[in-house]
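Chemist: Below are the chains, spelled out letter by letter.
Protein chains: 2
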Amino acid sequence: MGDLEGYRGQSLTALEAAGVSIGDFLSLEVDGQSVMGTLAPRYAHDDDSHIVIKLKSGYNVGLSVAKVTKVSRLAKGERPSFTSSNPKTRGDLLEVAILGTGGTIASRVEYRTGAVQPAISSEDLYSLIPELSDIARIRTEVILTVASEDLEPEHWGKMAEKVAERVAEGARGVVVTTGTDVMGYTSAALAFALQGVPVPVFVVGSQRSSDRPSSDAYLNLIGAVTLAVAAEFAGVYLVMHADSSDELLAIHRATRVRKNHASARDAFESIGIPPEGYWTRKGPELISKSLPPRARAEKFVPKPLFDPNVALVKFYPSMPTSLLEAQLASGLKGLIIEGTGLGHVNRKNIAVIQRFIAGGGLAFMTSQCIWGRVDLNVYANGRDLLQAGVVPLEDMLAETALVKLMWTISNTASAKEAEGLMRKNLAGEVTERSFPSGQTA
Amino acid sequence: MGDLEGYRGQSLTALEAAGVSIGDFLSLEVDGQSVMGTLAPRYAHDDDSHIVIKLKSGYNVGLSVAKVTKVSRLAKGERPSFTSSNPKTRGDLLEVAILGTGGTIASRVEYRTGAVQPAISSEDLYSLIPELSDIARIRTEVILTVASEDLEPEHWGKMAEKVAERVAEGARGVVVTTGTDVMGYTSAALAFALQGVPVPVFVVGSQRSSDRPSSDAYLNLIGAVTLAVAAEFAGVYLVMHADSSDELLAIHRATRVRKNHASARDAFESIGIPPEGYWTRKGPELISKSLPPRARAEKFVPKPLFDPNVALVKFYPSMPTSLLEAQLASGLKGLIIEGTGLGHVNRKNIAVIQRFIAGGGLAFMTSQCIWGRVDLNVYANGRDLLQAGVVPLEDMLAETALVKLMWTISNTASAKEAEGLMRKNLAGEVTERSFPSGQTA
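Chains A and B are the protein sequences, given in the same order. Numbering follows numbering that gives the first Met the number 0, with no gaps: position 410 of the first sequence is 409. Numbering follows numbering that gives the first Met the number 0, with no gaps: position 261 of the second sequence is 260.
You can trust all of the hints, since none of them are fake.
For identical chains, the list gives no copy identity; a pair is met inside one copy or between any two copies.
DSS-like, lysine-lysine: derived pairs with alpha carbons at most 27 angstroms apart:
#, residue 1, residue 2
1, Lys288, Lys298
2, Lys347, Lys332
3, Lys157, Lys347
4, Lys69, Lys53
5, Lys161, Lys347
6, Lys298, Lys161
7, Lys302, Lys157
8, Lys288, Lys423
9, Lys302, Lys423
10, Lys281, Lys53
Bear in mind the hints are in silico, worked out from the structure with no lab data behind them. Note that the structure is a prediction, hence the values are computed from the model and not measured.
Extracted from the complex, chain A is given alone in its bound form (with noise of 0.2 angstroms):
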């Protein structure tokens, strides 16, 4: 009998019934087509209804043995080198912390029908991505199992910790895997947070679960691991998909980057700016000369704090004063807006905007266009909501202006102080105008 390691179940008796053995390369008809693959062992401990399969893409397949109408072996195979046997040992390696939080990405949800499992091991991982293993010494630990939308701000406070304790400990970089949903939001914490880190620290994710062959969560974790070993720079940055070819990760600015696409492997995008660089397997390419280099860790201190009574208020036609009224009687410290256009609102709502203003409240514009900046100088209502005492945010993404505002707010003594703040860039959360002031109208 064949080396059928870590198969348990319906899916061993699949296994030993075609009389193959792990290496093999096999042909297995799922759903009237062929899925052609190197079997490879299974390190999942509680499941025994899939079959593993290396595709010549890279990526491991969990195939629902359920599905495979037949199995067949094309080619007699070695069993694959993953872990333990690896050329080189571990000790040879640089550390690269893994940090899971959640989301799909390196999950086990292939491993399932139904919910997310939000969860990660070394063993998992390596299960995953064998080639993981060549690269780095890979420390990884669960801190969160949160889906993406439920993450609230303490959360990022705690992600921003453990980074930092991972530094401290001397990881060469850092690797956050995390929901895509609220990604953007996450990476622009991050980098508040750990503004000045001195390693680079890579928030990724994938858009589709590692159970279907166009994951992209293969080439993300490749790429942001190899980064956290490779790059001579510091800070942190958002890895994912550049394009819809399953070769180019783009490296996003933390503070300038947006999912654009609910689901499309390319669904982030860096706004206003070109992304900092690209990541292919023949290494990084740069496009930002400006990246700071890597530094000395002894003096690193995060700051974790964020401040949840905060609020983001899209603004639309008809929009009642009762809204706005409602929200900020809740004893909300901040509010960002994301007006339309150049960051207007409607007539109405600019004196409960003064009001609350009045009572000590700090309230910033944005646009909901996305691209472009503010200028509450062209028109009247714009003028009315400066005068009012609203701080528009230049170019700075609505998003980033919520996480920006929270971390502020928690990280000065004053409303003036905090106001200080949100008109400086910090993270590179705004760009230079690339147009002369009369040309915004």
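Chain A is already provided as a structure; the job is to place chain B on it using the hints.
Modeler: Then chain B, alone, in the frame of chain A:
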């Protein structure tokens, strides 16, 4: 003394001193730069401080006489024939109705500094764009003077009624000029209120005011009026610059277009589909093969009612339950949620939404990603939202969904009927799936 029709005060004095006449080709020095073009007549009766020059590009530019340091005549010219002495008499041409509703386009802002004056008259229009008199018999009416962001649902109703009036009176086509800030919402509103309109209706605006050589007002209006005469199709469209050149307009489907840049002339983008077509001075080039043909006007009845008791809420990480609770308690009938990714909100708000629906409210899900399609079947929070009664709106834009819900509630007798209509594709607001369901996650 030369012909200086319409010039008064300072500007008349300056032109008389230079000994020039309307029609002369001049060079004016302004802020150290030379502006060259033909001296145009004035039709603005309350302004004496601007000189209007027709540039070679076709634009009229209004120059503040206080900034003009030198006026020189490069060539003697004939007074150009603008309105009255046009070779074609107006009676030869078909009638195009232009409805002014406010905003920058074709307003008199170019003759002023400071606040925009949303006013338009036939004289103003012809003085801005004399070519219009070659294209159509223009009938203008200012039906509203409202800044874009101050538009209310009742204003959309008024626009729809006025369009229907003009159609009944025989207009070949209708152009609605409006501010760009909420133009995507406005075009969607007109598309729902004017379903089955037998002529083409073009919603246009300008991103830059007409006093700048770079203004987009000129081409947008020329294009819209030309299309109103020449187009063989009916329906509501948004027409704006397609790129940064000044030669190409895009004809966007009214329900799938969004202002994606705060200031660029090509700020508007069709989302998830190409524009229905393009327009150049050579005429329209249609992409869509399925635009409705023109039809007889007799039977057309608009449906101009919109219920404003509807809110759009963009979800953000950590959104407290108090925010939605306050809104839902205010007598709201319907809620459009702009969720993250495939259409998610945090777990704690699901119960709030469930109570709203249980109490007779209507709740719908869209995505803040803008591109892509919601899918509530992939993750647990999504399935719980479905269970609570939230209706996913496929790839409908959040802005279009808001307007459609306002319209739908006014045009149905029960919440159940309204929900049914929201699920139907009424005006091209939802596209067919472009990929199989399994690929969305």
